[in-house]
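K.L.:
From just these sequences and the hints, can you work out the full model?
Counting in the working numbering, the sequence shown runs from 16 upward without gaps.
Be a bit skeptical, because a hint or two may be false.
Unchecked claim - The following label-pair restraints were derived from C-beta to C-beta distances: (1) I17 <-> S72: 20 to 28 Å; (2) K81 <-> S19: 18 to 26 Å; (3) D99 <-> D21: 28 to 36 Å; (4) G68 <-> D32: 26 to 34 Å; (5) P121 <-> P30: 19 to 27 Å; (6) P49 <-> R122: 28 to 36 Å; (7) G105 <-> S18: 29 to 37 Å; (8) P49 <-> G105: 27 to 35 Å; (9) E54 <-> A93: 21 to 29 Å; (10) P82 <-> D118: 16 to 24 Å; (11) R28 <-> H100: 29 to 37 Å; (12) G31 <-> P108: 17 to 25 Å.
As the list claims (entries may be wrong) - Computed cross-link-like contacts, DSS-like style, restricted to lysine-lysine with a CA-CA straight-line distance of at most 25 Å: (13) K130 <-> K109; (14) K81 <-> K109; (15) K130 <-> K81; (16) K81 <-> K24.
If you are wondering where the hints come from, they were derived from the structure by calculation, not from laboratory data. For each residue, glycine too, the CB sits at the ideal point set by N, CA and C.
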Amino acid sequence: MISSRDLEKHFTRLPGDQLDILLEIHRIVMQVSPGAVAEIRRYGVVYYDAGRGEPVSAGICQTLVKPDYICLAFVHGAFLPDLDHLLRGGTYPKRYLEIASLDNAPRDTIQAWIKNHAHFDLRTLPENIGQKHQFFHTPTELSFQLPFLGAHV
Numbered sequence: 016m017i018s019s020r021d022l023e024k025h026f027t028r029l030p031g032d033q034l035d036i037l038l039e040i041h042r043i044v045m046q047v048s049p050g051a052v053a054e055i056r057r058y059g060v061v062y063y064d065a066g067r068g069e070p071v072s073a074g075i076c077q078t079l080v081k082p083d084y085i086c087l088a089f090v091h092g093a094f095l096p097d098l099d100h101l102l103r104g105g106t107y108p109k110r111y112l113e114i115a116s117l118d119n120a121p122r123d124t125i126q127a128w129i130k131n132h133a134h135f136d137l138r139t140l141p142e143n144i145g146q147k148h149q150f151f152h153t154p155t156e157l158s159f160q161l162p163f164l165g166a167h168v
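P.N.:
Here you go:
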């Protein structure tokens, strides 16, 4: 994975708040998935697990640089728990969160989404294996303990 220093050098012209957001997301991904691949693209950074596939099939998240905010996007975000309805997006299954400041960002939720999405495997969807998958959509389905978060939702 690229270092925070390399990321900072590449995005040196960004306003401080946006650079801080990029670096915080980078830190979370490094913590959650230390073996992740991070590719700097012209529009931001793409994180994925190369051991499971490419950026779409094994995507962890993307950070997209916008004029006034950083867009944290999840290729399969429609499968993430979002009880507060913070994720946006009309393109199925992609979802995103606009982050203008770390002060107002739901950090615990962002970390949980990144961790959840890092473990998401499209092959586990019911239509692909005929069984219930481990990612949930409704509040009823979310009322359980997430095994990798160690906390009751």
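K.L.:
If a hint holds in the structure, say so; if it does not, say that too.
P.N.:
Hints and how they fare:
For the pair I17 and S72, the supplied restraint of 20 to 28 Å holds, since their beta-carbon distance comes to about 21 Å. A beta carbon spacing of about 21 Å between K81 and S19 agrees with the range 18 to 26 Å that was offered as a hint. Hint check: D99 to D21, Cβ distance near 33 Å, so the stated range 28 to 36 Å holds. Checked against the given bound of 26 to 34 Å, the beta carbons of G68 and D32, roughly 33 Å apart, stay inside it.
Taking 19 to 27 Å as the suggested C-beta distance range, the pair P121 and P30 conforms, at roughly 21 Å. Look at P49 against R122: about 19 Å separates their beta carbons, and that is not inside 28 to 36 Å. Distance hint check for G105 and S18: the Cβ-Cβ separation is about 35 Å, which falls inside the suggested range of 29 to 37 Å. A hinted range of 27 to 35 Å holds for the C-beta pair P49 and G105, which are about 33 Å apart.
A hinted range of 21 to 29 Å for the beta carbons of E54 and A93 is consistent with their spacing of about 23 Å. One distance hint, 16 to 24 Å for the beta-carbon pair P82 and D118, holds here, with the actual separation near 19 Å. Here the CB-CB span from R28 to H100 is close to 33 Å, well matched to the stated 29 to 37 Å. For G31 paired with P108, a C-beta distance near 33 Å fails the hint of 17 to 25 Å.
Taking the CA atoms of K130 and K109, the gap is near 16 Å; set against the 25 Å cutoff, the hint holds. A threshold of 25 Å between alpha carbons decides the hint, and for K81 with K109 the separation of about 17 Å falls inside it, so the pair holds. The suggested pairing of K130 with K81 holds, with an alpha-carbon distance near 24 Å, which does not exceed 25 Å. Annotation: proposed proximity of K81 to K24 holds, straight-line Cα distance about 18 Å (limit 25 Å).
Hints 6 and 12, counting from the list given before, are not met by this structure.
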